[in-house]
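Visitor: Sequence:
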Amino acid sequence: MIRPALRADVPAIFRIRLAVRENALSEAELAALGITRETVAELVEAPGTAWVAQEAGKILGFSMIDREEGCLFAAFVAPEAESRGIGRALTSAAEAALFADHAEIWLETAAGSRAEGFYRRLGWGGDTPVGDGDLRLTKQRG
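So for the sequence shown, this note's numbering puts the first residue at 1; every next one is plus one.
Among the hints, erroneous ones may be present.
What the hints assert, rightly or not - For each label pair, taking beta carbons as the anchor points, the in silico distance ranges come out as:
1. T128 x L6: 28 to 36 Å
2. K58 x A103: 17 to 25 Å
3. R3 x A111: 28 to 36 Å
4. T138 x A8: 31 to 39 Å
To be verified - Listed below are the simulated SDA-like cross-link pairs for lysine to any residue, each with C-alpha atoms no more than 20 Å apart in a straight line:
5. K58 x L6
6. K58 x E104
7. K58 x M1
8. K58 x A89
9. K58 x P4
10. K58 x R7
11. K58 x G125
12. K58 x A74
13. K58 x A28
14. K58 x V20
Hints in this document: simulated from the structure, not taken from any laboratory.
Where a beta carbon is used, it is the ideal one built from N, C-alpha and C, also for glycine.
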């Protein structure tokens, strides 16, 4: 089940973010980027900006957007829950919210990564380099 994220979900969001196999960062590295438990808690309190996938009471993934910028900036699934459609469902929820305000939306991901392939299979395109081996991908409404 996909539902809006709550402040109470922040520990599970961090558990997943710290456990991923690709784009792995420590909590200290995330904090250096301005991503802390408090900043995530503030984000999830804004309506329509973050979602979690929950099954049998356990959070298995999450997605987050910057509504103003038209950006999907986080979509992660717990390693044990990969390849079950959870990432697709979380991305779909994020896309629907972004397309409510933007004709074109974007994200950044590592070139050649599993994530890049995932997003391309969902219809994201483009190959604009943005530094550090990352690409900006875009998707159009409709």
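Visitor: Now, for every hint given, state plainly whether the structure supports it.
Guide: Cross-check of the supplied hints:
1. T128 x L6: 28 to 36 Å: Once the Cβ atoms are compared, 34 Å apart, the range 28 to 36 Å for L6 and T128 holds.
2. K58 x A103: 17 to 25 Å: Given a distance of about 36 Å, which is not inside 17 to 25 Å, the answer is violated.
3. R3 x A111: 28 to 36 Å: Holds, at about 32 Å.
4. T138 x A8: 31 to 39 Å: Check passed, 33 Å falls within 31 to 39 Å.
5. K58 x L6: Measuring from Cα to Cα gives roughly 13 Å; hence the hint holds.
6. K58 x E104: violated (33 Å)
7. K58 x M1: holds (10 Å)
8. K58 x A89: Given pair K58, A89 holds - Cα atoms ~16 Å apart, limit 20 Å.
9. K58 x P4: Holds. K58 to P4 sits at ~14 Å (cutoff 20 Å).
10. K58 x R7: With a Cα-Cα distance of about 15 Å, the restraint between K58 and R7 holds, given a limit of 20 Å.
11. K58 x G125: violated (32 Å)
12. K58 x A74: The hint holds at about 19 Å.
13. K58 x A28: violated (25 Å)
14. K58 x V20: holds (16 Å)
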